[in-house]
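With the sequences and hints as input, model every part of the structure.
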Amino acid sequence: GIQVEQSPPDLILQEGANSTLRCNFSDSVNNLQWFHQNPWGQLINLFYIPSGTKQNGRLSATTVATERYSLLYISSSQTTDSGVYFCAVGYSGGGADGLTFGKGTHLIIQP
Amino acid sequence: DSGVTQTPKHLITATGQRVTLRCSPRSGDLSVYWYQQSLDQGLQFLIQYYNGEERAKGNILERFSAQQFPDLHSELNLSSLELGDSALYFCASSDSAGNTIYFGEGSWLTVV
Numbered sequence: 021g022i023q024v025e026q027s028p029p030d031l032i033l034q035e036g037a038n039s040t041l042r043c044n045f046s047d048s049v050n051n052l053q054w055f056h057q058n059p060w061g062q063l064i065n066l067f068y069i070p071s072g073t074k075q076n077g078r079l080s081a082t083t084v085a086t087e088r089y090s091l092l093y094i095s096s097s098q099t100t101d102s103g104v105y106f107c108a109v110g111y112s113g114g115g116a117d118g119l120t121f122g123k124g125t126h127l128i129i130q131p
Numbered sequence: 002d003s004g005v006t007q008t009p010k011h012l013i014t015a016t017g018q019r020v021t022l023r024c025s026p027r028s029g030d031l032s033v034y035w036y037q038q039s040l041d042q043g044l045q046f047l048i049q050y051y052n053g054e055e056r057a058k059g060n061i062l063e064r065f066s067a068q069q070f071p072d073l074h075s076e077l078n079l080s081s082l083e084l085g086d087s088a089l090y091f092c093a094s095s096d097s098a099g100n101t102i103y104f105g106e107g108s109w110l111t112v113v
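Chains as they are written, first to last, in my numbering: chain A, 21 to 131; chain B, 2 to 113.
Keep in mind that a hint or two might mislead.
List of simulated lysine-lysine pairs, DSSO-like, C-alpha gap at most 27 Å [claimed, not checked]: (1) B:K10 with A:K123; (2) B:K10 with A:K74; (3) A:K123 with A:K74.
To be clear, the hints were calculated from the coordinates, so they are not data collected in a lab.
Please read these numbers as outputs of a predicted model, since none were measured by experiment.
Shown next as structure tokens:
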């Protein structure tokens, strides 16, 4: 199956800092999503981005499908950005059909 | 609020027992997914249903089964529970395109 590697595994930053999280995957995909799991366990969808670039406020993401990686950028970090960020990928003829998740990047934003 | 509802939120049960987790997808979503999150295995895809039919199967144990009903809600049945089944079980749903999936708040299962 598809292998998903996320880096770094842990990241501690001060409030206001910027960060880049990376996701490498081992095979062609037509579905890639980024999720944020907050300290209460809720998984929130950030981006559906199988290719290209998207921005949503302080967050943006870029996927280079031909080189099999995706990046999540967080600018001007806030303490509420703390949590685990997951990259999930999949390939199917249609529908998510079971995304494969990476192990996540555990982000801690200190005030 | 993702619109995906899961019950119960917390559950403690003994080894060897059977439990049922319930999920109501977002209004209009035809696909339902079940995931298991544990400390050692991470987030693992278990099974997907689409409009009542099984569509994809992941790392689901034979002791586990699921179904999706005509009203599109889904149930995950876990039987002969073992200590290692303790985990956070997520349900998620998506529309027919499946481009974005939305997760419920999860059901915390503790097997003692």
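*Satisfaction of hint between K74 (chain A) and K10 (chain B), Cα-Cα up to 27 Å*: violated (33 Å)
_Distance restraint between K123 (chain A) and K74 (chain A), which requires alpha-carbon spacing of 27 Å or less_ = holds (23 Å)
*Regarding the pair K10 (chain B) and K123 (chain A), is the alpha-carbon distance no greater than 27 Å?*
holds (24 Å)
Of the numbered hints given earlier, the model fails hint 2 alone.
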